[in-house]
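Chain X: place on chain A using the hints.
Residue-level listing of the chains:
Protein chains: 2
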Amino acid sequence: MRIAVIGTGHAGRTLAQGFQRTGHDVVVGTRDPDATRGREDWHGLDVPLAALGMVAADADLVVNATNGQASLAALGEVGSDHLAGKVILDVANPLDFSQGFPPTLSVKDTDSLAEQLQRAFHQSRVVKSLNTVTASVMVDPSTVGDGDTTMFVAGDDAEARQQVTGLLRELGWSDIVELDGLHNARGLEMWLPLWVRLMGALGTGEFNIKVVR
Amino acid sequence: MRIAVIGTGHAGRTLAQGFQRTGHDVVVGTRDPDATRGREDWHGLDVPLAALGMVAADADLVVNATNGQASLAALGEVGSDHLAGKVILDVANPLDFSQGFPPTLSVKDTDSLAEQLQRAFHQSRVVKSLNTVTASVMVDPSTVGDGDTTMFVAGDDAEARQQVTGLLRELGWSDIVELDGLHNARGLEMWLPLWVRLMGALGTGEFNIKVVR
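Protein chains in written order, with my numbering: chain A, 3 to 215; chain X, 3 to 215.
Some clues are possibly wrong.
In this list, chains with the same sequence are indistinguishable; a pair is considered to hold if it fits within one copy or across any two.
[Claimed, not checked] Restricting the straight-line Cα-Cα distance to at most 20 angstroms, the calculated cross-link-like pairs of lysine to aspartate or glutamate (EDC-like) are: (1) Lys212 with Asp111; (2) Lys212 with Glu180; (3) Lys88 with Asp27; (4) Lys212 with Asp177; (5) Lys88 with Asp177; (6) Lys212 with Asp150; (7) Lys212 with Glu79; (8) Lys212 with Asp43.
In case anyone wonders, no lab produced these hints; they're calculated from the structure.
Computed from a predicted structure; not experimentally measured.
Only chain A is shown next, with the shape it has when bound in the complex (with noise of 0.2 angstroms):
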């Protein structure tokens, strides 16, 4: 699958390795290709990058893995038209750091990051999942506990959400909750306060749950 991944941070970065190691082909969407390819932290590596008005012409399958207060304009430059049709993976959160730590949530409860995109890219099909974990584990569970925890898939298309889904079975993850309606990705979003108290608690972001009946 071809597939373009929108955002040049940590997400992005892990991501896009993440899904060369599957198999994929894989581009990087930034503002200014040459400008990340100076980056100490772009340094070396073998991922290709493409500008956002270039990255999704090509792809099957775009990933949002921007800052969550910056992913509306950022996928308003990848451009309506190179998304129509296609699904968007938003793993991305709506996280407000202007207050300090912890973060509060710039939307929340009855609206969400996820469903602001749906609306704005009325013509593709977002689907929602990884927001839940930290970079590393989201590309390989097996890195937390016995790797068995546990992934969740919201999204308004059944076929979107298995598309998504195959990807997450080629990544390691087993145990995936799909929850039917992108309105649930209000609730994905909002495990986010819970989840940056526990890293501090727990000293690590390296954790996830695992849902037990």
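What follows is chain X alone, placed relative to chain A:
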């Protein structure tokens, strides 16, 4: 320990019986003891009832098991004099069902029900716990999976958190994550929007999460 449980709903009833089982002297507070005793769900229960204004006079610890929308008013009737100097174990959630299911939260993100209670009853020490699971799991974690799931405790006062942790261990909880600071109750209450959605997806409220490192 003499425990006053405020609230006669499913959570209050279940907690009262749980704390009786673990050897405590329990009384449940209600506006009208005779009316509560006459209710079908209280028929034949061997749990003492007392009027709100009396229930906490001799209590060592008070449990808020009321509907989150009514907690401030109910504890107001219990009386700040009777609550002063005591630990208030707050298991309630600020769920707002006025727009149907799933509920939203009437306070969140920059404040929490637990903090509202702490401000209103500033001579008490509020500890948030047990609000992350359904009533039957609160008092018997062995009903979920192999019984080894995670419970959280948040509060400003270390001795108060320890008192609650002791009660939890008696009920069967062993994996207890302590969060230093009652502001962490924001994270615990914001877990509920995901909890209610998982209840829908799993078809049961009898589940919990295990935090895996």
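Results of checking the hints against the structure:
1. Taking the shortest Cα distances, lysine 212 and aspartate 111 never come within 20 angstroms of each other, neither inside one copy (23 angstroms) nor across copies (24 angstroms).
2. In this assembly of identical chains, lysine 212 and glutamate 180 lie within 20 angstroms of each other by CA distance both inside one copy and across copies; the values are 14 angstroms within and 19 angstroms between.
3. In this assembly of identical chains, the alpha carbons of lysine 88 and aspartate 27 lie at most 20 angstroms apart only when taken from the same copy (16 angstroms versus 61 angstroms across copies).
4. Both within a single protomer and between protomers do lysine 212 and aspartate 177 lie at most 20 angstroms apart by alpha-carbon distance, with minima of 8 angstroms and 13 angstroms respectively.
5. Proximity of lysine 88 to aspartate 177 under the C-alpha cut-off of 20 angstroms is found in neither arrangement, the shortest distances being 25 angstroms within a copy and 43 angstroms between copies.
6. For the homomeric pair lysine 212 and aspartate 150, the shortest alpha-carbon distances inside one copy (7 angstroms) and between copies (11 angstroms) are both at most 20 angstroms.
7. Taking the shortest Cα distances, lysine 212 and glutamate 79 never come within 20 angstroms of each other, neither inside one copy (37 angstroms) nor across copies (40 angstroms).
8. Within a single copy, lysine 212 and aspartate 43 get their C-alpha atoms no closer than 32 angstroms, and across copies no closer than 34 angstroms, so neither meets the 20 angstroms cut-off.
Hints 1, 5, 7 and 8 from the list above are not met by this structure, while the remaining hints are.
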